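J.: Starting from the structure of chain A, add chain B where the hints point.
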Amino acid sequence: MAYMEAEDLTRFFLRKKRVKEGGFRRWVARERETVKALDHASFQVEAGELVGLIGPNGAGKSTTVKLLTGILTPTEGACRVAGRVPWAERKQHVRELGVVFGQRTQLWWDVPIADSFDLLREIYDRPRNDWAERLRQISAALELEPLLRTPLRQLSLGQRMRAEVCGSLLHRPRLLFLDEPTIGLDAVSKLALRSFLKEENRREGTTILLTTHDMEDMLALCSRVLVLGHGKLLYDGALQELLRRYDTVHTLRCTFAGEVTLPPPPPGCVLRRDGDAVEVDYPPAQVPTGDMLDWVRRAGPLREMTLKEQNVDQLIARMYQELAL
Amino acid sequence: MKTLRLRPYLSAFRVRALLETQYRGAALGGLVTQMFFGLVYIALYHALYASGGAQETPLAEVVTYVWLQQMAFRALLSADGELNERVLSGGIAYDLCRPVDPWGWWFSRAVAQKLVGMLMRGAPMVFLQFVLPVGYRMALPPTWGAGAAFAVSLMAGLAVIAAVDAIRSAVVMRTLDARGVSAMIQLLMMIFAGNVIPLTLFPAQVQGLIRFQPFAQALDAPIRLYLGGGDFLLTLGMQLGWLLALGWLGRGMWRRQLLRVTIQGG
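The listed protein sequences correspond, in order, to chains A and B.
Be aware that the first sequence starts at 1, since it is given in the working numbering, and climbs by one per residue.
Be aware that the second sequence starts at 1, since it is given in the working numbering, and climbs by one per residue.
The following block holds chain A by itself, in its conformation from the complex (with noise of 0.2 angstroms):
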């Protein structure tokens, strides 16, 4: 048995809308229409694995997330961590369980951070050594140890952010939760987030589950993604595998040395002036690049040339188009 596991997880939601014609009849009838967040989706996870959940916004990643968690309890289908059914066993559950959802906060407004670090330690009820030990680590990590005296409402986004998870990691969850841990964080910070997630993974083998936006996140992270549209699961598997699949468009830029007059280029490619430059799309699966090379060097002499794959941004958003999201 997986560590992990969903099976037609299933969770609709009840949105009421409010009649918009008719005097008293506006007053009293509802609308009433069911939104499903997450449609029978199935996967299985296994211990110490680096997931990764990706989808357009209203896509069921934070929908996901709390099922697995035990916050939600699902409509139909069943999810199980660790032998147990989140909801069902709630405690248990979370006491193996850490979470950051990026737009909220867990730490205390007011108090220094070393002191909400202090409360969750009686909240997980925890030896104060072990505590104070994984403070240590935790904190050297994150670079956080001169701001443990800080109050929460003095600290950057990035400093908050690294507080946040560090909170969540204090009492050695087995697996962990981080909702766009990244979000609005500069690439210094960024950087130091990353690394520390991939290290805490290979070190304590926690399993992390991961939403974001940001695709530099999953590809410095996540081996494997799930993504998710409309409360399906669309994908699951290898995100190189996934990228492969979109990354249909290259792009050769060339300037060349004097006039030269083109000769028509390879099928399917597409031909733009730009300046003095020359711009071809190709796709690489059909035309190989050595081919694009060839024609280049039939047009004349070359001064300079760069070849652009697309962003993993583009092709994620090729990716939705394509799917329909």
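Hints listed in this document are in silico derivations from the structure and should not be mistaken for laboratory results.
All of these numbers come straight from a predicted model, not from anything done at the bench.
All C-beta atoms, glycine included, are put in the ideal place defined by N, C-alpha and C.
One or more of the hints may lead you astray.
[Unchecked claim] Here are the simulated distance ranges between beta carbons:
1) A:A324 x B:L10: 50 to 56 angstroms
2) B:L176 x A:R149: 32 to 38 angstroms
3) A:E89 x B:G241: 29 to 35 angstroms
4) A:R128 x B:V32: 54 to 60 angstroms
[Said to hold, decoys possible] Computed list of chain B residues with no C-beta within reach of chain A, every gap over 12 angstroms:
5) L6
6) A26
7) T33
8) P58
9) W105
10) M120
11) G135
12) M184
13) A204
T.: Below, chain B alone, put in the same frame as chain A:
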């Protein structure tokens, strides 16, 4: 058997109690208000008793009753807005990811807030008694035993109030707004705990009924012990009985709410 871990609830108690001590301005305001209300009520009862018509309860007892009610008034107030804030901000999602029983959590906080809030207003009011004219002053309990019984029973009364407050918080989980339910419960509390009119002044025919309803266990029951009336063990038994019943109800309500939680967005 599952082990009951008390530490999380003790820390909820401690943190909320510490927070309450920060609200010194509010305590001062409450002190002034409660002194004012106490004096007005007592002036009214002086006028009522002077206008004739023999009352079963002596005026001196009514004066003491009114002061004790005013001293403990803070405990009746449902003043903890944090749950409402947690519900509205979605921070409740974090709370539900903690290995604690939410009923126990909010119950512990309510006890802390009510106890500390009450002490901060009530204790100075005891000393202010000395500057009042004699007819307006509250009396000491008739015996040491009555005083001790009062103290124990008052703690049980606070627990009853906190259990009512935990029911209120379960309702907030459902309605997503604390104002309606808080106003309703507070009105019920003030009337049926004897804060508006001492329950001892109600006609003898309804005494049997009015003493046994849950809100009377909050403040009326301890005050009767202070005045030297009522049987201590019987009173305490009644209080604990209601505490269990209200706690059972509140926990059940919380459990039901947890199964239908919806947390919107991101």
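J.: So which of those numbered hints doesn't the model satisfy?
T.: 4, 5 and 9
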